[in-house]
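Enquirer: Please model the complete structure; the sequences and the hints are all you need to start from.
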Amino acid sequence: MLGTLLDTARIYFTQFISHPLTLFVLIASLFLSTLFYFLFKKTDQIKVKVSFLYTHIFFLFFPFLFSFFIKNCWKCILPLCDCSTKVLVYGISAGIGIAFISSFILLPYLYTWANKSQEVNEGKLKGLLLQHCQALGLPLPKLYTFNDLTPLAYSITNIRPSIFVSVGLCELLSEKEMEAVLLHELYHIRNKTSFWRFSTHTLKIFSPLSTFITLDRSISREELEADLFAAEIQQTSRHLDSAKQRINRMNRKIHEFKG
Amino acid sequence: MKHPLLTSEAIKALSPLEADIVRAMQPAGKYSAAEIYTNISSRQKVAHSSISVLLDRLYKRGVVSRETKTARGGIRFIYSLETNKERYEKSVVDNTVNLLIKRFGAKAIAYFNESLKTKR
Chain W
1 MLGTLLDTAR
11 IYFTQFISHP
21 LTLFVLIASL
31 FLSTLFYFLF
41 KKTDQIKVKV
51 SFLYTHIFFL
61 FFPFLFSFFI
71 KNCWKCILPL
81 CDCSTKVLVY
91 GISAGIGIAF
101 ISSFILLPYL
111 YTWANKSQEV
121 NEGKLKGLLL
131 QHCQALGLPL
141 PKLYTFNDLT
151 PLAYSITNIR
161 PSIFVSVGLC
171 ELLSEKEMEA
181 VLLHELYHIR
191 NKTSFWRFST
201 HTLKIFSPLS
211 TFITLDRSIS
221 REELEADLFA
231 AEIQQTSRHL
241 DSAKQRINRM
251 NRKIHEFKG
Chain Y
1 MKHPLLTSEA
11 IKALSPLEAD
21 IVRAMQPAGK
31 YSAAEIYTNI
41 SSRQKVAHSS
51 ISVLLDRLYK
61 RGVVSRETKT
71 ARGGIRFIYS
81 LETNKERYEK
91 SVVDNTVNLL
101 IKRFGAKAIA
111 YFNESLKTKR
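Heads up: the sequence lines are chains W and Y, in that order. Per this note's numbering, the first sequence starts with residue 1, numbered consecutively. Per this note's numbering, the second sequence starts with residue 1, numbered consecutively.
Hints are supplied without guarantee of correctness; some may be wrong.
[To be verified] Under the rule of at most 30 Å between Cα atoms (straight-line distance), these lysine-lysine pairs were calculated in the BS3-like manner:
hint : chain 1 : residue 1 : chain 2 : residue 2
1    : Y       : LYS60     : W       : LYS124
2    : W       : LYS192    : W       : LYS124
3    : W       : LYS126    : W       : LYS116
4    : Y       : LYS107    : W       : LYS142
5    : Y       : LYS30     : W       : LYS124
6    : W       : LYS253    : Y       : LYS30
7    : W       : LYS116    : Y       : LYS30
8    : W       : LYS244    : Y       : LYS60
9    : Y       : LYS102    : Y       : LYS90
10   : Y       : LYS69     : W       : LYS253
11   : W       : LYS116    : Y       : LYS69
12   : W       : LYS124    : W       : LYS49
13   : Y       : LYS45     : W       : LYS176
14   : W       : LYS47     : W       : LYS142
15   : W       : LYS176    : W       : LYS116
16   : Y       : LYS69     : W       : LYS124
17   : Y       : LYS102    : W       : LYS253
18   : Y       : LYS45     : W       : LYS116
19   : Y       : LYS107    : W       : LYS258
20   : Y       : LYS90     : W       : LYS253
21   : W       : LYS258    : Y       : LYS102
These aren't lab readings, by the way, just hints derived from the structure by calculation.
Expert: The following block contains the structure:
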């Protein structure tokens, strides 16, 4: 079957580069893809960065889509394949598509299920969240706690914005410190940071140029901005700083007892 | 009142501070980490975070169970001594065997192997 696949690929690429139109589309798409890749690298704004990233991936795959669906190449190639190869070709394409869409939609549900999270519908934390969302004009995200002593908090924005906090974190921090953490996460929700991270993982799968990308700088910048946002709303960075100190101390203690 | 599952052998398998935590808990009682800390810190110098971490370790070993409670003071863990005998015994066996293997390594494993063969 591998031999048939390689033969099919060889025939496909011969047809691809021998036709002037598809060759032009290939070169133009690769040029645009590279251009958007550099624009993506140069830009600092997350929203613009994400749009450049998807444009880069689109142009990377456009020649194949063009030849398959517009030039109807699949009609000349697929009759050459046996049944199992056809199933494989369609199966892989459909599999990638379904995996991408379903992972985007199901991610919040997977997080909730994997952590055995419990939704918080009342109490001070929910009240604080409601108050800040109303003030900032943001839709109210779902708030979940999960059974872990390690102080952790994160948010996701795919379809259903949600904030997850560990019970260990709630036990450790004071009300003002928890407010600072929630504001930090609200900034991530407002900026759709988790969508940005999901997109960069997508890029790593689809684009060969992803090996040249380091995302550490963007992530640290985003974290710093979220901290500044929390400090600005609270009009002091005191609570955020003390929350960080407590979290670091607790992590050290957990590490110490593990050792 | 003494917990029926916490025998002196089971207590010996715990570290001194872990044993103090277990002793501070009544069999039918439910406690937050802060309550246990208040109880123990009146007798000895100990950090609140140490109590939380050790309670977490006892929970993972199956010695105590915990649930999440949302109260006016916020969200917190409420701990109680494990009452499921099967789960508790399994955790004691696990801990004892792991401790022996950690201390004596291959010798302990060889001993278990020998004793299994003899029993068969």
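Enquirer: Are LYS126 of chain W and LYS116 of chain W close enough, with their CA atoms no more than 30 Å apart?
Expert: holds (19 Å)
Enquirer: Decide if the proposed pair is consistent with the structure: LYS45 of chain Y and LYS176 of chain W, CA atoms, cutoff 30 Å inclusive.
Expert: Since the Cα atoms of LYS45 of chain Y and LYS176 of chain W sit roughly 28 Å apart, the hinted pair holds (cutoff 30 Å).
Enquirer: Given the hint that LYS107 of chain Y pairs with LYS142 of chain W, test it: the Cα-Cα distance must not exceed 30 Å.
Expert: violated (53 Å)
Enquirer: Between LYS192 of chain W and LYS124 of chain W, is the straight-line Cα distance small enough, at 30 Å or below?
Expert: holds (25 Å)
Enquirer: Are the Cα positions of LYS69 of chain Y and LYS124 of chain W separated by 30 Å at most?
Expert: It holds: about 13 Å lies between the C-alpha atoms, which stays within 30 Å.
Enquirer: Please work out if LYS124 of chain W and LYS49 of chain W have their alpha carbons no farther apart than 30 Å.
Expert: violated (36 Å)
Enquirer: Given the proposed pairing of LYS102 of chain Y with LYS253 of chain W, does the C-alpha separation stay at or below 30 Å?
Expert: Roughly 22 Å separates the two Cα atoms, so the pair holds.
Enquirer: Hey, LYS69 of chain Y versus LYS253 of chain W, does the alpha-carbon distance stay inside 30 Å?
Expert: holds (24 Å)
Enquirer: What's the verdict on LYS253 of chain W and LYS30 of chain Y, does the C-alpha distance respect the 30 Å limit or exceed it?
Expert: Within the cut-off at roughly 24 Å; holds.
Enquirer: Keeping to a limit of 30 Å between CA atoms, is the pair of LYS102 of chain Y and LYS90 of chain Y held or broken?
Expert: holds (18 Å)
Enquirer: Take a quick look at whether LYS176 of chain W and LYS116 of chain W sit within 30 Å of each other, Cα to Cα.
Expert: holds (26 Å)
Enquirer: Hint check: LYS116 of chain W vs LYS69 of chain Y, CA-CA at most 30 Å. Holds or violated?
Expert: holds (15 Å)
Violated hints, listed in ascending order, are 4, 12 and 18; each of the other numbered hints is respected by the structure.
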